[in-house]
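J.: Turn these sequences into a full structure, and let the hints steer you where they fit.
Chain residues, written in single-letter form:
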Amino acid sequence: MISGGSSTNFWLNFFVNNRLFSGTVIILIYLIVISIFGFIIADHIKKIYLGQRTILTGFSEKAIYFIEKISGVDENESHTFKGYFFSLLFFNLMAGVFTLFFLLIQTNYFPLPGQRGFSFSLAINTISSFLTNTNLQNYSSPQRLSYYELTIVIIGLMFLSAGTGFAASMAFIRGIIKDDGKLGNFFHDFLVAIFELILPLSLLATVIFLFIGIPETTSSFLYIHPFFSKSVIGIPIGPVASLEGIKNIGTNGGGFYGANAGYPFENPNWISNIVEVVSFTIIPMGSIFALGRVLESRNFGRMVFGVIMSLFMLSAFFTFFGEYAGLPTMSNLGLFYTGNFLGKEIALGISQTSIFASGATMTSTGATNSALNAFTPAGILGVLFPMLLNDPLGGVGTGILNIFTYVIFTIFLVALMVGKLPELFSLKISSKEIKYSTYSLITHPLLIVVPLGITLLIPALMSSFVSPRPDQITELLYEFSSAAANNGSAMGGFQVNQAFFNILEAGIMLTGRFLVMGFQLMIAQSFAFKKPKVTYGRSVNVGSFWFGFMLFFTMILLGLLSFFPVLALGPLLAWGKDFNLLIGVIH
Amino acid sequence: MKINIEPVIIALKNFRPDRLIRNPVMFVTEIALIMSIYLLIFSGQYGLPVSPRYIYFYTAVIILLFLTVFFSNIAESLSEGKSKAITDSLKKIRQKTIAHVIEGSTIRDVPSEELRTGMIVLVNKNEFVPNDGEIIEGSGYFNESSITGESKPMMKVVGDSVTGSTVLTTDSVKIRITADPGETFLDKMIALVGNSVREKTPNEIALNVMLSGLTLIFLIITASIFSLADFLGINLNLFILIVLLICLIPTTIGALLPALGIAAINKVSQFNIIAKSGRAVENAGDIDTIILDKTGTITIGDRQAINFYPVPGIDRSEFLRYCYLSSAEDVTKEGISIVKLCESSGLDTEKFGGLSGEFIPFTSDTKYSGVKIDDVVILKGAMKSISEKIGRNDSFIEGISAEISSKGGTAMTLCKNDQFLGVIELNDVIKPWIRERIETMKNMNIKTIMCTGDNEITAQYIARESGIEEFVANVKPEDKFREVEKEKDKQRMVAMVGDGTNDAPALARADVGLAMNSGTQAAKDAANMIDLDNDPAKLMDVIFLGKQILITRGSLTTFSLANDVAKYFVIIPAMFYLIPQLGFVNIMGFTDPLLAITSALIFNTFIIPALIPMALKGVKFKASGADELLKRNIILYGAGGIIFPFICIGIIYFLLAGVGVTW
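Just so you know, the sequences run in chain order A and B.
In terms of my numbering, the first sequence opens at residue 2 and continues consecutively.
In terms of my numbering, the second sequence opens at residue 1237 and continues consecutively.
Hints listed in this document are in silico derivations from the structure and should not be mistaken for laboratory results.
You may find that some hints are simply not true.
[What the hints assert, rightly or not] Not everything, but these chain A residues come out facing chain B in the computed CB check (under 10 Å):
(1) L29
(2) V415
(3) M418
(4) S432
(5) L453
(6) F554
(7) L558
(8) A569
Even for Gly, the Cβ is constructed at its ideal location relative to N, Cα and C.
T.: Encoded structure:
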């Protein structure tokens, strides 16, 4: 305890002694900071969406021109959904096949000393994971991959998946604002996304990380000689900062170290923590702000921001309060208990851990700076629920696609309720758009619940679980939600590197990414022949409070309705168990 | 009271799975019903508890599932019954007669059903018009009461369209047939009202997709509970799973959706309007701008003489005399009203009995009419045309005319040879209730544009009096199309009324075009709705109706989805009552799980018949802007939809427990 006396010390004491209050303030500061940075980048993103010149165009133009020249891409060739989505799929498939074979051949035929080869199912899982911007790692990075492999496979796919996501959102926006029936040229969009947004921002982030003290080197181990021991400990180091840069900017997740940002070399202090949170929210947040500007409806942008922020706060504070309250079991035992610190970095505390965890699942980053497995049932619920809603803030680009499917669904209900035909910016919403938005909304829960139901019935698979039973349901739900939402956050708790999980998750990730993206681009295609006019609001005001209210509750309701039974028997039951101090009834 | 059991029989017949599959929600319910009957019979084999209390429970579930499907079917058959009654009465109107077909110089009698488009038919006095057609020779009064309900015969002249099965009460006319058998106006109407041609609107299709998607999710989720429970070592009763499924899938809106669609068409028919598609009615709800004619819609339509203003120096009784002379043989409504006013002003008309001159009829070129008695020419008409004719101006006449115009009246100037006599004030009366209607439209953010051939000042006066903000004066019929275009360019949905051939392009361009039945065939073809009563102001009723249909559908969907929250919080704790740690989810504090589950299912079943009247009548709503309505309906059907079932299920539970049901 810091002794009081002077007025400065009074406030210091106040913040130290009122941890609930100071934690809340810290979370709010984080939210304000990420909003500010999102707001700053929004103008740049808007220009990219509208195809205007940005400050980087001078440089990127030349690079794009050069690449397009040698690869024979004609940027003026604009495609409809079919052409665009086919290019997207083909490009991703080629990259996937190439990296898959590269990974298999490298690790199995040219292994480094001590390196274990990738099995086929693990390779499939890894490639699908990084290709879909999920970045679930069913392996531990530094031990399994050489830097050469890491750079080509992991970092390469991280750029590729982020670029693909942003290109899809460019096509989506184009479908809305243009009326020529075309979505654009995927390769060109992809290159623009890389050179004007993702690459510059990740370079910037990498430089900042270097200054903070995150290592970037080609040597493989840092050898330390602890004074109490004669042995030498080798800590793996390598190109951590550069991986960290694209990992966060590209909302990829994963990490150099198995422990992710919980490891001091990935996240040394509170400054790096806040920089990381900002860097993985900057593009999704900026895209939301850009949305209002691109569609010339600031109100709509504000409404979406408001809804997303409400969900973000719900998630962050649920996690924070859950973790702060900790396990009643412990307090009931009469222990001095200051919240659940298990698996958390003490330097960051509960609040900065909570905001990091919830930000990582609000976006599709899925990075973590703590051991999620050690979270309380209430805490994990706060981290889990954004993934059940398919990451409301979304990944690079995909956030916009996801929010639009919810908006279309809501607008249909709302318009009928006020006796209007559904439309968005005077784009008529026909049964076609409702169809694809419903498809993409139901695909997500189905991708989670069906594998969950099947896996639970196979005792052989459940045998590797160590936690008590309701927690196993939570862990499994978390795993599949993360895969379906292309998030990559992992709670662990069981042996994931099994052929069954590797292949099943790969399937979930690929479907959750490309099928859903296909449905969403179909919506864009059917909008592509219509031109929006936002100047005159003849229908429901989509920027209004009540619309936002309805959107918020539709999202919550769809999530709640779809997952309530699973949540009841997973985290809620575990929560109930903690309160009742009754352990073992269900075992 | 005679109880009509026909809907019940139809409802029972519609249990056939091949019919029910059109409605996925109800289809799933029926499958669940069949499954539960099967489970009851073979309950032993599936390890289900068979103590009496469980058998009661199973029976209750089966009965309630049966009722759910039955109520849905009865809602549909009730509204179908209504539309059938309408078509039956229409079929009775359809008359089979003998038509006199003119072929060159001969007349051949053929049965009316053999008439083809283009045939020329002679219709004599007191004969039925054999088929739809257009008058090409002659004129006469037609009694259309069988279709419009209007008992006063209508005068029709060359170019007017006539409808089959109406009666010619005077003279005889030649008509050219414009419809083949089976495509006549009445046939179309019967086909439309009967659901044989009823196609789903895009909105209904979209809603169906959404509900099917939700049903699929809930199916999978319910199935997943089975494996969750199995994993936790809980022996789940399949009946409870079935109940959960039925409570979760949107049965309320799913059950009422078919009835809602038919009810919409029925309501339109009750207004004596024929909508060519359900889509047109929904479009009507979405209208932003309505373009109305002044004459006949906002005003009663007949300009009546209401005052005389002789120029100074002319004796009033003398002026009245000239007025009378000018109009004695004028059969226009204005002319008749002038004669009437002269009579009521005390002019002794007897002494003009023998006086007769040569009547000069009104033409659109001259814009005046009058009479020529010997070498005296008395003319009446618009001031401008009279001034041009006699080449003079008069400050008194101009002053009076301007004053009359500013009140929305028409000043009719009277002159004798080249001398001004005075002004007759004609005025058209604003319909008494129109102001209120326009106000309602304004509250719903709908802009009304008045179109009139009158001058600016008159238009302004009428617009102000009736509360209209925007008007277009000096309109020629073709200008209406431009007006529609102008609004469409602003991305607004436009509705308009028309009856002339000139109106046809505008009617076709507008999102909702309402043609008068008395209008030309071209107008009726271009429009997507036809009003049988020829009341243009009905457009506003149609808009209200269209809105109501959409609101009913949207509100019931929201209500139905919101209901699921309560059902979850009742059934999930009851389902897992063996796990005390989950007790905190049991926010209702029910202690008897079977009773709680039954209560939820009872609510789920009986909310359907409770909402049938609302579905058929449409929800009530206050005319207001979209945002205001949204707020109100979110609170009413969204928040209400969450809270209401909690209360109802609670009441049902305690009532059941109170009467001694203990399962």
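J.: So, V415(A) near chain B? Judge it on the closest CB pair being under 10 Å.
T.: 6 Å, holds
J.: Does L29(A) pass the interface check with chain B, least Cβ-Cβ distance below 10 Å?
T.: Because about 28 Å separates L29(A) from the closest Cβ in chain B, which is outside the 10 Å limit, the hint is violated.
J.: Checking hints one by one. Is L558(A) an interface residue toward chain B, by the C-beta closer than 10 Å rule?
T.: Since chain B brings a Cβ to about 7 Å from L558(A), closer than 10 Å, the hint holds.
J.: Hint S432(A) vs chain B: min CB-CB distance below 10 Å?
T.: Holds: closest Cβ of chain B sits about 4 Å from S432(A), inside 10 Å.
J.: Close enough to count: is the Cβ of M418(A) nearer than 10 Å to one in chain B?
T.: Holds. Min distance 4 Å.
J.: Would the hint on F554(A) stand, with a C-beta cut-off of 10 Å toward chain B?
T.: Hint on F554(A): holds, closest Cβ of chain B at ~7 Å, below 10 Å.
J.: Going by Cβ atoms only, is L453(A) closer than 10 Å to chain B?
T.: Given a least distance of 6 Å, the restraint on L453(A) holds.
J.: Min Cβ distance, A569(A) to chain B: is it shorter than 10 Å?
T.: Where the cut-off is 10 Å and the nearest Cβ of chain B is about 5 Å from A569(A), the hint holds.
The structure is inconsistent with hint 1 alone, although it conforms to all the rest.
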